[in-house]
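S.K.: Sequence:
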Amino acid sequence: MSYLTDKLRAPYREAQGELTVPGQMLEDIVAANPQRRSLLKNSFGLSMLSVFGASTLLTACGGDDDDDDAPATGGDGSTGPAGPDYSVTFKPLDDKLVADTVTVPEGYVAEVLYSAGDKCAIGSAGYAGIPQSYPATETQAGGQHDGMHFYPLAGVDPNQGGLLVLNHEALDNATLDQGVEGLRTRLSNVGVSVVEIARGGDGAWSVKADSRYNKRYTGNTVYNVSGPAEPLVGATVVGTLNNCSSGNTPWGTYLTCEETLNNYHYQVGDVGKPADEGYGWVVEIDPQDPDSTAVKRTAMGRFSHENTAYMLDANNRVAFYMGDDTTPGCIYKFVPSKPYNPANRASNMGLLDEGTLYAARFNDDGSGNWVELTVGKNNLTAGATDPGNFTQLATGTVITGTIVNFNTQADVLVNTQAAARVAGATLMDRPEWITVGVDKTLYCTLTNNGGRQRTSAANPRANNSHGHIIRWHERGDSPLATIFEWDLLLLAGRDAADGVAPNLTGNVNGDTFSSPDGIRVDPKGRLWVQTDAGTGTSTTDFFGNNSMYYIDQKTGESKRFLVGPLGCEITGIAYTPDLTTFFINIQHPDTDWNTLRAGGGDARSATVVVRRTDGKPVGA
1 MSYLTDKLRA PYREAQGELT VPGQMLEDIV AANPQRRSLL KNSFGLSMLS
51 VFGASTLLTA CGGDDDDDDA PATGGDGSTG PAGPDYSVTF KPLDDKLVAD
101 TVTVPEGYVA EVLYSAGDKC AIGSAGYAGI PQSYPATETQ AGGQHDGMHF
151 YPLAGVDPNQ GGLLVLNHEA LDNATLDQGV EGLRTRLSNV GVSVVEIARG
201 GDGAWSVKAD SRYNKRYTGN TVYNVSGPAE PLVGATVVGT LNNCSSGNTP
251 WGTYLTCEET LNNYHYQVGD VGKPADEGYG WVVEIDPQDP DSTAVKRTAM
301 GRFSHENTAY MLDANNRVAF YMGDDTTPGC IYKFVPSKPY NPANRASNMG
351 LLDEGTLYAA RFNDDGSGNW VELTVGKNNL TAGATDPGNF TQLATGTVIT
401 GTIVNFNTQA DVLVNTQAAA RVAGATLMDR PEWITVGVDK TLYCTLTNNG
451 GRQRTSAANP RANNSHGHII RWHERGDSPL ATIFEWDLLL LAGRDAADGV
501 APNLTGNVNG DTFSSPDGIR VDPKGRLWVQ TDAGTGTSTT DFFGNNSMYY
551 IDQKTGESKR FLVGPLGCEI TGIAYTPDLT TFFINIQHPD TDWNTLRAGG
601 GDARSATVVV RRTDGKPVGA
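The opening position of the sequence shown corresponds to residue 1 in this note's numbering, with each subsequent residue numbered one higher.
Honestly, the hints are just simulated from the structure, not real lab data. You may find that some hints are simply not true.
[What the hints assert, rightly or not] No more than 25 Å apart at the CA atoms, straight line, and that leaves these computed lysine to any residue pairs for SDA-like:
#1 K208 to S292
#2 K208 to A198
#3 K554 to N509
#4 K559 to G510
#5 K440 to T537
#6 K119 to D177
#7 K208 to V156
Go ahead and model the full structure; you've got the sequences and the hints to work with.
M.R.: Set out below in structure tokens:
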């Protein structure tokens, strides 16, 4: 999530105020010492499973990042030739880099692929240095690139081409002329891009401008609404916006996540403000069918969605995990009522409309529970008392609450944040991305919470300015489990040798960082973390520009892999099946990197391609 989003949401938050009452947490809880917590046993390692082939369109059953198959064998059962070496051997980048460029290790290149304002749909003129307005902006790349995913195309070698689908979280203002059709222009700069991309003979990637798959979904597009909350929301909603991170599904669709509960673009004096209930949902897009209409899936709950990540079992039962990027917010799981059908893609298109939504309770003893958010259960009834964000208030403060009426499941889903608090879920330090590892370990980045006053074992630092990463195992590694075990992977922050206060000191082994945000375990079990720390000198003097890191899951060692330009956030992780190409998003650069106008002034968000010049896998 961008700090720009915080600014856009601020008026709405101020109007809502803080809603709190006592109830779910002990006021005098003592923060657990993470140094003394027993670590979960794990079996990470770098499995040498072969990458999936050109015809594979769907992921394997381990989870959203588990794209591996069994090792290749010959007709006689003998093991085939050894595949590429995915061992991490790159030389980490230096500390405190503040160059206005994308810096990658020796032997790598970082090439701009798709920038704010670039041509998207067929017929787009594209931004050429002169600020544009609607309708031209409706068919070109939006602003503030964020979450994304790479999809193979039938008949195309997926290591040479495919579909890249990415979110546009907020505006790249310098590319826009908001004096003409101001509202529509702003709304056209958010949403989603679908672009077909291909690798050239020189190894470089480009967008295929004439592809029938290229399409923009914007704040002006009409979306269908489905699921239990449709009667309250309406059959359609105009616009998706604040599209932060995202996820994919086993059946090959894209889930773009709305990180706002209201259409803040209408707060600048425009008339015709729609109902806020239309925003804050997971929206399902089929990138393989450009003629399809995207759908807001209300059964998955309404909150400040960050991303989704799924876990699939041997019986094709699936769970989708989600973070609420709120300070503080909860972690959620949605389990569809029916299994995924790998033999009939079309039959899965309504799978996200029926199921059970849960919120996570992290107990201080390292155990956890998934609390069901169903009307009539766990205090979700008429006259319920919402405790609000009580973790932000000092112990001893007189706490008041607000009455919320949960009369139907639609009420629960429209007011999911309140429902989770009422049901007793744990308020976490701004949950952002979640990822599922090849061994089914789940990880969630908790970016920061400088206002926390009441701590817990899962959120052990008051005034947590630098954030941490939590991980857990579902009981039996089952997506259907209602019990899990958790521990802390690491606390981000400054080195202990700096002698700063405990709430600013981390325990990162190796290259230190602040505010973990993007996180992904790739198909070879390698964990990557991206940061969204402040971009002022008070942060960059100690950590440099925002960066991307490899984290060894056995030793905890952190290695700095990529550093972004001035003012940016690093976000978005996608890759080709052979992992020789990584796609990374550079959001809100603010100086001279990737400018188009003569003399600058329009530094643009962009997707960059990171690859080795020798063609070997990234990171190796």
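S.K.: Check each numbered hint from earlier against the structure, then list the numbers of those it violates in ascending order.
M.R.: 5
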